[in-house]
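With these hints in hand, go ahead and build the complete structure from the sequences.
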Amino acid sequence: MNGALRAVPDAPMVALDGVTKRYRGIVAVSEVTCRFEAGVTAVLGPNGAGKSTVLRLACGLTRPSDGVVRIHGHDPREHPEVSRFVGVVPQHHRLLPRTTALRFVELAGVLAGVDDPLIAARASLEAVELDPSDRRVTEQYSNGMRQRVKIAQALVTGPSILVIDEPLNGLDPRQRERMIDTFVELGRQGRCVVISSHVLDEVERFGSRVVVMNQGRLVAEGGVAAIRELMDDRPHHIRVGTDEPTHLAAAMLEGGWVTEARIVHGGVEVACSDVAGFARSLAPLAVKLGAELTEVRPLDDDLESVFRYLTQDGRPAGHGERT
Amino acid sequence: MTATYALWSTLVRAVASRARLLGFAAVAVLVVVVAARSGNDLLLARDAVQFVDLVGVSFAAPVAALVFGVGVLGDLVDDGTLVYLWLRPVARWRLALSAAVASWTLAIPMAMIPVLAGCAVLGAADRLTAAAVLATFGAVSAYSSLFVWLGLVSRRALVWGIGYLLIVEQFAARGGSGLGALSVRSHALSILAGRTGVDLPTAWFSPLASGIVLAVVTLAGVVATTVTLRKRDLA
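Chains as they are written, first to last, in this note's numbering: chain A, 1 to 323; chain B, 1001 to 1235.
You may find that some hints are simply not true.
[Stated by the list, open to error] Sample of chain B residues at the chain A side, in silico, Cβ under 8 Å:
no., residue
1, Ile-1113
2, Ala-1117
3, Asp-1233
[To be verified] Okay, the calculated beta carbon distance ranges per label pair:
no., chain 1, residue 1, chain 2, residue 2, range
4, A, Arg-136, B, Arg-1174, 50 to 58 Å
5, A, Asp-75, B, Pro-1109, 54 to 62 Å
6, A, Ala-123, B, Asp-1078, 30 to 38 Å
7, B, Arg-1018, A, Gly-18, 47 to 55 Å
8, B, Asp-1078, A, Asp-66, 26 to 34 Å
9, A, Gln-91, B, Arg-1174, 43 to 51 Å
10, B, Ile-1167, A, Arg-174, 52 to 60 Å
11, B, Val-1159, A, Asp-75, 33 to 41 Å
12, A, Ala-279, B, Asp-1079, 41 to 49 Å
13, B, Val-1168, A, Gly-18, 41 to 49 Å
14, B, Ala-1125, A, Glu-78, 51 to 59 Å
15, A, Ile-119, B, Ile-1167, 50 to 58 Å
16, B, Lys-1231, A, Ala-279, 53 to 61 Å
17, A, Pro-173, B, Asp-1079, 23 to 31 Å
[Stated by the list, open to error] If you only want the chain A side, here are some residues facing chain B, beta carbon under 10 Å, derived:
no., residue
18, Thr-20
19, Tyr-23
20, Ile-26
21, Val-27
22, Pro-80
23, Gln-91
24, Leu-96
25, Arg-98
26, Pro-117
27, Lys-150
28, Gln-153
29, Thr-157
30, Gly-158
31, Leu-253
32, Trp-257
33, Ala-261
Everything labelled a hint here was simulated from the structure, so no lab data went into it. All C-beta atoms, glycine included, are put in the ideal place defined by N, C-alpha and C.
If you want it as structure tokens, here you go:
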């Protein structure tokens, strides 16, 4: 079976088309259509949003109730061989019992038909800073070490697609940095790295494309900045540092450039729908009022804010740029 | 290391917990003690055969098959680690067969040891010992295949398995040649009875027919496991 299946030319690395997944009548994921291509893609959403289900669908662990899933153009449920393209890191920290890390990772290589699984396993463990000669069984490892073993078993086969549920769980700060670098580098190499995370600042550091899920639906996708642009029907919050906050706030409200203004220490915080228009008008207005501007800083341009906006009422905000 | 060997050895290691092995060691010791205490009373061949029926075919074989069978894949389903074997480019039948063989690897010796130890203590004839080995082997093989599948489809496989052994197997085995055809125990006892020439109340069939039926049940269990592995979702 190994090696018989080839990727379909020009087919997306992972494609979900109109995918719905129901568990005993309960809809976990509804009509999701998206592509995962080379680079890092983060699937974001609150608990119960359907992130893990999307990841399981994307690698063939679960069969869609409706719709189509393809990996390199093949149905992973009909062609288990397609799993040679895929490395999976589950969210839980459990590994096969009574097994050393080296044997566990080697097993992954053997089953995937890697040429020299023992050498590949040693290299993969060293890549995640684990000692291949450690004779302890993995039950004696910390959660962080087990997480690295899971990553090593996913990498040992050299997959073109990596599906990783909560990849930085249990890692210390230095290991997190290294793992982030590793995943970003794998994305740069042309691999498709799909991660799920609820730690939003981590996702920003991956520099990734984002797919936002809420209540089983895909509510937005694109770059973080592109998603933020979807918020045109919601106010952007901006802090303006000035020595004339009262006059500036009144003028901006009167001119219709902002919808809200609140005087704070050393300036004014405003809400506006048209950021570009606000930016164009601010400097001339300050000159006209004789106000000195000391700071113009968005207060809600971080991913946390984007995510909160997109998911707070459960309604689709629309799709960002298709990358 | 081939994929099949890797699967088999991994599954054996996974299911061979210390608690399970110690449990069966205790059973073996208990059987030897009972055999030693009963030895002087079992003067007739019929009594010795019934002892093998009671200890091996009706107790050690189904219990060993149940404990190791439902655990070999069921444990991995429960703790979410089956994904490490399932999401590989390995044919599902190979995984199913490896699981069945892993279960046999542990269940057969665990069932055989008390039977053989009992036979030795009783001073049983070679003919009885050979028959006991055949009957126990057939029963463990068939039960194991069924229980490997049961462990895959049910999170309460142990409870369902005990219920099956206590209700269905006991009821069917006593139900004559019609219902008895559905009982693994009845077929295993038919082998034991046929090979020893001792008439047992639930041995309804010829040894050859029963051997074929047990082989078919064993194969059916592997096929059912393969189909389930193909169709089921993994958490």
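Status of each hint after checking the structure:
For Ile-1113 (chain B), the interface hint is violated, the least distance from its beta-carbon to any beta-carbon of chain A being 22 Å, above 8 Å. Restraint check, Ala-1117 (chain B) versus chain A: the minimum CB separation of about 27 Å is more than 8 Å; hint violated. The criterion of a C-beta within 8 Å of any C-beta in chain A is met by Asp-1233 (chain B), whose closest approach is roughly 4 Å, and the hint holds. Between Arg-136 (chain A) and Arg-1174 (chain B) the C-beta distance comes to about 52 Å, which sits within the given range of 50 to 58 Å.
Look at Asp-75 (chain A) against Pro-1109 (chain B): about 42 Å separates their beta carbons, and that is not inside 54 to 62 Å. About 32 Å separates the C-beta atoms of Ala-123 (chain A) and Asp-1078 (chain B), a value consistent with the hinted range of 30 to 38 Å. At roughly 49 Å, the beta carbons of Arg-1018 (chain B) and Gly-18 (chain A) sit within the given window of 47 to 55 Å. Checked against the hint of 26 to 34 Å, the pair Asp-1078 (chain B) and Asp-66 (chain A) passes, with Cβ atoms roughly 29 Å apart.
For the pair Gln-91 (chain A) and Arg-1174 (chain B), the supplied restraint of 43 to 51 Å holds, since their beta-carbon distance comes to about 49 Å. The beta-carbon spacing between Ile-1167 (chain B) and Arg-174 (chain A), approximately 58 Å, falls within the hinted interval of 52 to 60 Å. For the pair Val-1159 (chain B) and Asp-75 (chain A), the beta carbons lie near 36 Å from each other, so the given range of 33 to 41 Å is met. Range check, Ala-279 (chain A) to Asp-1079 (chain B): Cβ separation about 54 Å, and the 41 to 49 Å hint is violated.
Between Val-1168 (chain B) and Gly-18 (chain A) the beta carbons are some 44 Å apart, a value that agrees with the proposed interval 41 to 49 Å. Range check, Ala-1125 (chain B) to Glu-78 (chain A): Cβ separation about 56 Å, and the 51 to 59 Å hint holds. Checked against the given bound of 50 to 58 Å, the beta carbons of Ile-119 (chain A) and Ile-1167 (chain B), roughly 53 Å apart, stay inside it. The hinted window of 53 to 61 Å between Lys-1231 (chain B) and Ala-279 (chain A) holds, with their beta carbons roughly 57 Å apart.
One distance hint, 23 to 31 Å for the beta-carbon pair Pro-173 (chain A) and Asp-1079 (chain B), holds here, with the actual separation near 29 Å. Look at Thr-20 (chain A): its Cβ only gets to about 14 Å from chain B, farther than 10 Å, so that hint breaks. For the restraint placing Tyr-23 (chain A) at the interface with chain B, the shortest Cβ-Cβ distance is roughly 9 Å, inside the 10 Å limit, so the hint holds. Residue-level restraint check for Ile-26 (chain A) is violated (minimum Cβ-Cβ distance to chain B is 14 Å; threshold 10 Å).
Look at Val-27 (chain A): its Cβ only gets to about 15 Å from chain B, farther than 10 Å, so that hint breaks. Annotation: interface hint on Pro-80 (chain A) holds; nearest CB of chain B at approximately 6 Å, less than 10 Å. Checking Gln-91 (chain A) against chain B: minimum C-beta separation of about 9 Å stays under 10 Å; hint holds. Among the interface hints, the one on Leu-96 (chain A) holds; its C-beta lies about 5 Å from the nearest C-beta in chain B, closer than the 10 Å criterion.
Look at Arg-98 (chain A): its Cβ gets to within about 5 Å of chain B, closer than 10 Å, so that hint holds up. Because the beta carbon of Pro-117 (chain A) sits about 7 Å from the nearest beta carbon in chain B, less than 10 Å, this interface hint is met. With 10 Å as the threshold, the beta carbon of Lys-150 (chain A) comes within range of chain B, its nearest partner Cβ sitting at about 9 Å, so the hint holds. Annotation: Gln-153 (chain A) was flagged as interfacial toward chain B, and the flag holds, the nearest CB pair being 7 Å apart, inside 10 Å.
Residue-level restraint check for Thr-157 (chain A) holds (minimum Cβ-Cβ distance to chain B is 8 Å; threshold 10 Å). Hint status for Gly-158 (chain A) relative to chain B: violated, with the closest Cβ pair at about 13 Å, above 10 Å. Hint on Leu-253 (chain A) is violated. Least Cβ distance to chain B is approximately 54 Å, over the 10 Å limit. Hint status for Trp-257 (chain A) relative to chain B: violated, with the closest Cβ pair at about 52 Å, above 10 Å.
Violation of the interface hint for Ala-261 (chain A) is found here, the shortest Cβ-Cβ separation to chain B being roughly 51 Å, above the 10 Å cut-off.
Hints 1, 2, 5, 12, 18, 20, 21, 30, 31, 32 and 33 from the list above are not met by this structure, while the remaining hints are.
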